[in-house]
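Put chain B on the given structure of chain A with help from the hints.
Order-wise, the sequence lines are chains A and B. Counting along the first sequence from 1, when you hit position 187 you're at 187 in the UniProt record's numbering, and nothing is skipped either side. Counting along the second sequence from 1, when you hit position 428 you're at 428 in the UniProt record's numbering, and nothing is skipped either side.
Hints were generated in silico from the structure; no laboratory data involved. One or more hints might be untrue.
Claimed, not checked - Simulated DEER-style distance windows between Cβ atoms: (1) Asp18(B) - Leu216(A): 53 to 61 Å; (2) Ala125(B) - Ile104(A): 52 to 60 Å; (3) Asp312(B) - Thr271(A): 47 to 55 Å.
What the hints assert, rightly or not - Only some residues are given here: those of chain B computed to face chain A with a beta carbon under 7 Å: (4) Gly182; (5) Asp290; (6) Glu291; (7) His438.
Glycine is no exception: its CB is placed at the ideal position from the N, C-alpha and C atoms.
2 protein chains.
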Amino acid sequence: MSLEPALRRQLVALLGADWVRDDQVTRFSYRCDGLTLHPSLPAGVVFPGDHDQVVGVVKLLHAAGVSFLPRGAGTGLSGGAVPTTGAVIIELVRLNRIGPVNEIDRTIEVGPGVVNIQVSHAARAHGLYFVPDPSSQKACSVGGNVAENSGGPHTLKYGVTVNHILALDVVLPDGSAHRVGGESWASPGADLLALLIGSEGTLCIVTNIICRLTPLPPAVQTLLAVFNDVQQACEAVSAIIRAGIVPAALEMIDNTVIRAIEQTISAGFPTDAEAVLIIELEDIEAGITDELAAVRRILGQVGTHEIRVAEDEAARARIWRARKEAFGAIGALSPSFYTQDGVIPRGALPRVLARVNQIGRDHGLTIANVFHAGDGNLHPLILYDAHDPDQVAATHEVGRRILELCLAEGGTLSGEHGIGLEKNSLMDRVYSSTTLDHMAEVRAVFNPNARLNPGKMLPEPGKCGDIKSVAALRAKSGIQV
Amino acid sequence: MSLEPALRRQLVALLGADWVRDDQVTRFSYRCDGLTLHPSLPAGVVFPGDHDQVVGVVKLLHAAGVSFLPRGAGTGLSGGAVPTTGAVIIELVRLNRIGPVNEIDRTIEVGPGVVNIQVSHAARAHGLYFVPDPSSQKACSVGGNVAENSGGPHTLKYGVTVNHILALDVVLPDGSAHRVGGESWASPGADLLALLIGSEGTLCIVTNIICRLTPLPPAVQTLLAVFNDVQQACEAVSAIIRAGIVPAALEMIDNTVIRAIEQTISAGFPTDAEAVLIIELEDIEAGITDELAAVRRILGQVGTHEIRVAEDEAARARIWRARKEAFGAIGALSPSFYTQDGVIPRGALPRVLARVNQIGRDHGLTIANVFHAGDGNLHPLILYDAHDPDQVAATHEVGRRILELCLAEGGTLSGEHGIGLEKNSLMDRVYSSTTLDHMAEVRAVFNPNARLNPGKMLPEPGKCGDIKSVAALRAKSGIQV
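One chain only, chain A, in its complex shape:
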């Protein structure tokens, strides 16, 4: 079903005909995000041009009783931006204003449609940058980063997106608009800002973002540590952390991924290495020499095969390009792959990584690893052939077993890709039914009919936990709203 005619007319009157699409090509195109091509067709896609138009669109959809969801660049990996049948997608790409940099308060105001890396580009002349740097940073939107509370290699030292946002302008599912947070770092009272960040489009639609910027480090050193043994690489991670060093990034890439990278972009990584670590140190010029010496000493102690230090910015860029394009490179090895995202306590890394690869072998599948080792945030890529039903089934089983392993080690379901519709049925594995009730009740405060991005993040009613309506919540509390 495309858009209902009366609603369509209202949307066209508000946005203009160019910005309201419900033709078959558009609807079929918008079934997917970075995770999946979903079987459900949206009713249509609208492209509001500013905050007021978002408010207008949401009011129309609210009045029409239609489900809807926001969408940024569609790079998400947990299905957060794919529609349920008949939902309207609110595409925020046109909200791409980049405000001036405030040097003293270290802030910048941007629209949700701004591409992540553009924020750092705008800030660079002021000696500042925006820390969250997911692999997709050349494509993903800041609005999507806020929705998913995105991480990236450099969030090891500086924290994930929630640590880099001061305020949001949001539109609730009833079309009301609110500023949450403020220009200063403090927001007394219930921390609604932290609640909205990472809510995966289930609580609000973001129309404006005040980002915190961070000073560019005066000096950066990027090392590639080459290992003949994956366990040694894991030991190096633990030893660096135990020594009290906080690298800006500490990434691991295993042999399978190294070979894929070399087949595609030829970064000069040694294809016979069992693993490499990318270790980035940030400091002022004099300090970095000592820190580099300390890391070299540790790497020597654990038996690192070779240490390469990037001698200039071009060499450094080459290393990071390899890391950030590693996912794409896997296409050279396998017709399909599935990216798992699990978190474990850092100390469990050596035994978990060995087990992950064993799980793959148990099911006849290769697992490639490229991940944020310093954070204990695994990204096992399960290589399979989507045309082979047995391999598809095995991939599901391997993904499930890896998550089970993470949970058994005291970890959790996702580090940065989110829950979306990929893992919402697993939420009862990490949270009690009461905690899930609390989350659903909190959602009901902002999104009482779950008409905004239904079926995402939280388990669906009857699937696990018992979702209470806002009416029940209000009855329980006796508060009148």
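Frame of chain A, contents of chain B only:
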């Protein structure tokens, strides 16, 4: 009214007679916290010894329909731990277990009754520490830090308490117990952990805390920069930030506070200085030399009168002792003082500080300033005589005008002292009624009858905009502090 006899018997059966107190001395003693001596008398005070006893106590109080509130060390400055009439205080001082340090995951598990500084003492042998360091850190409890989302001088670089907590065990007002957060840094789904931290005892009672620890810096340099002009000191703050330097701490102390410090603990601060900045740099040994040189250059450019670098740990400790005991030292200057806590965007510091002092002069009162300059977190201390009703009224007015000024500059009501019952009637000045409804509804998810710590943080129904000052509370109670 002391405890109702049947409830008292149940509590004694659970905790033992020693740990259930409702004699007059105890009840009168527990009317106060660091802000005020409240006129309301609690029904009694109970001292559970562990998590299970907290659960048992809360279940009994819930069944009896009695209001109750948790209490740590009672050092809070916004009245969060003072009782309403007839409420039962659950004193958590006995939950003071300190678990072992996990070096790889950099964590430690502590009870809410553990004194803040003990956490860093326990971690020190492992080269780690607990970042939040309020001035009261030798007395305040970690549970209180969690409740108030406490800051401190060193949170400029590393963030406030919410950035240093991985998980909480909590008891909800119905006596149910939950783990919120986890041993790894990621918690997908609604961020209930961030919501509970800083909720000022209005959402849950914390019984166990997993803290994140941070590596001790290899080298620390602490400078005292002496200024003949407060505006120059403000300019120095801006210039340091603008240069992309992130000091571990950046604190300002004005002449009034300097004189108070010298009268009491003789830290060797120059009593003729208009202001001093305490600037602490953390880095590795070689790095700190460069950073120190950069700060010296900036201080020279803005016209700093004198720069003193702490030559050893004793000199450094003397500077910090002066800073942390500054509030107490004010007692040498004035029979009473009221500590305001407001936040402004950092860029507004020079003009706001001048206005703050002018507001004091307008009302014939001295204002002393000792505050987190790098964070834009003001702590104007209004000196007055509690025996003089005119001065009490003027203090009330000065405090109100300072907050108005912070709000007009785009700042907010509190940086770290919380809202409590001191500022809850002002919450509608920074938040819309819809946002306050959202906060109340979120509270209702956890604390549906507001029986846990009633009347705190959120405005009471019908009282929004109705200013209840500390001075008025004191006047009403007829008690001099």
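Against the structure, test the hints numbered earlier, and report the numbers of the ones violated in rising order. As far as the earlier hints go, only 2 is violated by this structure.
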